[in-house]
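Trainee: One-letter residues, chain by chain:
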Amino acid sequence: MGDQVLEETLTADSIGADAALAASGDASAFERLYRTHVARVHSLVRRMLDADEADDVTQDVFVRAWEKLSTFRGESAFGTWLHRLAVNVVLGRRKTLGVERGRFHTGEDPLEGVSGRRETPEVSMDFEDALARLPDGARQVFVLHDVEGYRHEEIARMLGVVPGTSKSQLHHARMALRRYLDR
Amino acid sequence: MNDQWTDRLSEYVDGELANSERTALEAHLATCAECRAIVADLRKVVARAKALEDRAPKVDLWSGIHARLTPGRRPGVTRPWRVSFSVPQLLAASIALILLSGSGAWLALKPRQSAVVTPRPDPEFAVLNVSTRRTDAAIADLQDVFDRNKSRLDTSTVRVVQQAFTTIDRAIAEARAALVADPGNAYLNLHLADTMRRKLELLRRVNAIAAAQS
Numbered sequence: 001m002g003d004q005v006l007e008e009t010l011t012a013d014s015i016g017a018d019a020a021l022a023a024s025g026d027a028s029a030f031e032r033l034y035r036t037h038v039a040r041v042h043s044l045v046r047r048m049l050d051a052d053e054a055d056d057v058t059q060d061v062f063v064r065a066w067e068k069l070s071t072f073r074g075e076s077a078f079g080t081w082l083h084r085l086a087v088n089v090v091l092g093r094r095k096t097l098g099v100e101r102g103r104f105h106t107g108e109d110p111l112e113g114v115s116g117r118r119e120t121p122e123v124s125m126d127f128e129d130a131l132a133r134l135p136d137g138a139r140q141v142f143v144l145h146d147v148e149g150y151r152h153e154e155i156a157r158m159l160g161v162v163p164g165t166s167k168s169q170l171h172h173a174r175m176a177l178r179r180y181l182d183r
Numbered sequence: 001m002n003d004q005w006t007d008r009l010s011e012y013v014d015g016e017l018a019n020s021e022r023t024a025l026e027a028h029l030a031t032c033a034e035c036r037a038i039v040a041d042l043r044k045v046v047a048r049a050k051a052l053e054d055r056a057p058k059v060d061l062w063s064g065i066h067a068r069l070t071p072g073r074r075p076g077v078t079r080p081w082r083v084s085f086s087v088p089q090l091l092a093a094s095i096a097l098i099l100l101s102g103s104g105a106w107l108a109l110k111p112r113q114s115a116v117v118t119p120r121p122d123p124e125f126a127v128l129n130v131s132t133r134r135t136d137a138a139i140a141d142l143q144d145v146f147d148r149n150k151s152r153l154d155t156s157t158v159r160v161v162q163q164a165f166t167t168i169d170r171a172i173a174e175a176r177a178a179l180v181a182d183p184g185n186a187y188l189n190l191h192l193a194d195t196m197r198r199k200l201e202l203l204r205r206v207n208a209i210a211a212a213q214s
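Residue numbers (the numbering used here), protein chains in the order written: chain S, 1 to 183; chain V, 1 to 214.
Treat the hints with care, as some may be off.
[What the hints assert, rightly or not] If you only want the chain S side, here are some residues facing chain V, beta carbon under 10 Å, derived:
| id | residue |
| --- | --- |
| 1 | A17 |
| 2 | A23 |
| 3 | S24 |
| 4 | A27 |
| 5 | R35 |
| 6 | T80 |
| 7 | L131 |
| 8 | A132 |
| 9 | F142 |
| 10 | D146 |
| 11 | R157 |
| 12 | M158 |
| 13 | V162 |
| 14 | T165 |
| 15 | K167 |
It should be emphasised that the hints constitute simulated quantities derived from the structure, not laboratory data.
Bear in mind that the values here come from a model prediction, so they are computed numbers and not experimental data.
From the three backbone atoms N, C-alpha and C, an ideal C-beta is built for every residue, glycine too.
Based on the provided sequences and hints, a complete structural model is requested.
Mentor: This is the structure in structure tokens:
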């Protein structure tokens, strides 16, 4: 138990030290941060945008992080800071592209045509496929709330909607994914 | 099926209903098998979402990112009050510091000597400087304790701890070197204080673990 606590402490300190080094211009330290966090950032981006945009936007996130490192004060973990920045980049991307925020409407079944449940280890990939079929707005709310753990009030501020809309879209997204899981 | 409660089931699953609504919904669930089934499914969806595994991109994106980083420039220099440092400038600052102090190690252990470089008479930074000196003293004390007790830890643990110290010490030294060129830089001062705090916390943790081995 002590060793695990020590290992976690060392990992956190190592990341904190690398963040400090990167903030002073050390690209090698920044590369270590990239290696540690790229899977999480890329997965977030891929789930919130189209998969073919994920690589480009992930690069944008890390370049933005390099530019903004001075704003990282260490009050939160570096990963938390980076993650929030990634969310902002993703939402900014949608705004820049002028993509309409899709919402569920009564009677829609956006998952029509998605393959059914597989009793294989790849089932989580099917879930990700189904997730990608959700309307943009519902998908973003679902990813932010159920995958990333943001609260409705935070999501509402990020997306410029009221919390009730966030709750409604989340419920519809879950119901759609439930129907898919039931097939 | 869509009764008056269907659209509230996610809020129920998330524990967001008011007590009175939750009580009413639970009374409904006791008689409605379909809503119970939906609640069970919604919980499965939530569990599946939390269990999603992160996957790295299929190609390594680092080279593309690295190519877009301004070489030799400290990040975040777009803020107007901040002074940017190139690698040669930082190197020059480090050399100047070494010349002033005699050695880098001496500098790391005796930061009060950096007063040779005239600091800006900003009271906020004066407070930070005092705090930094106190932290230095605390680190030195805890380092002594660690040196005396590290034999209680296994060799591999000590090696990992020493590597962590080396990384943190390097960050502290770089921050101090940069502060020589810009002693009034608020970010660098806070950054130095924060990095020293990290070392202090690490020493405390390691010493506590070593003490527990006795």
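Trainee: Each hint needs a verdict: does it hold in this structure or not?
Mentor: Structure-based check of each hint:
1. Below 10 Å, beta-carbon pairs count as interface contacts, and A17/S has one with chain V at about 4 Å; its hint therefore holds.
2. With a cut of 10 Å, the hint placing A23/S at the interface with chain V holds, because the nearest CB-to-CB distance is about 6 Å.
3. Look at S24/S: its Cβ gets to within about 5 Å of chain V, closer than 10 Å, so that hint holds up.
4. Annotation: A27/S was flagged as interfacial toward chain V, and the flag holds, the nearest CB pair being 6 Å apart, inside 10 Å.
5. For the restraint placing R35/S at the interface with chain V, the shortest Cβ-Cβ distance is roughly 8 Å, inside the 10 Å limit, so the hint holds.
6. Among the interface hints, the one on T80/S is violated; its C-beta lies about 15 Å from the nearest C-beta in chain V, farther than the 10 Å criterion.
7. The beta carbon of L131/S is positioned within 10 Å of a beta carbon in chain V (closest approach about 8 Å), and the interface hint is therefore held.
8. A distance limit of 10 Å between C-beta atoms decides the matter here; for A132/S the minimum to chain V is near 12 Å, and the interface restraint is violated.
9. Residue-level restraint check for F142/S holds (minimum Cβ-Cβ distance to chain V is 7 Å; threshold 10 Å).
10. The beta carbon of D146/S is positioned within 10 Å of a beta carbon in chain V (closest approach about 4 Å), and the interface hint is therefore held.
11. Nearest Cβ of chain V to the Cβ of R157/S: about 17 Å, over the 10 Å cut. The hint is violated.
12. Checking M158/S against chain V by beta carbon gives a least distance of about 18 Å; that is not within 10 Å, so the hint is violated.
13. A distance limit of 10 Å between C-beta atoms decides the matter here; for V162/S the minimum to chain V is near 15 Å, and the interface restraint is violated.
14. Proximity of T165/S to chain V is violated relative to the hint, the smallest CB-CB distance being about 13 Å (cut-off 10 Å).
15. At its closest, the beta carbon of K167/S sits 6 Å from a beta carbon of chain V; the interface hint therefore holds under the 10 Å criterion.
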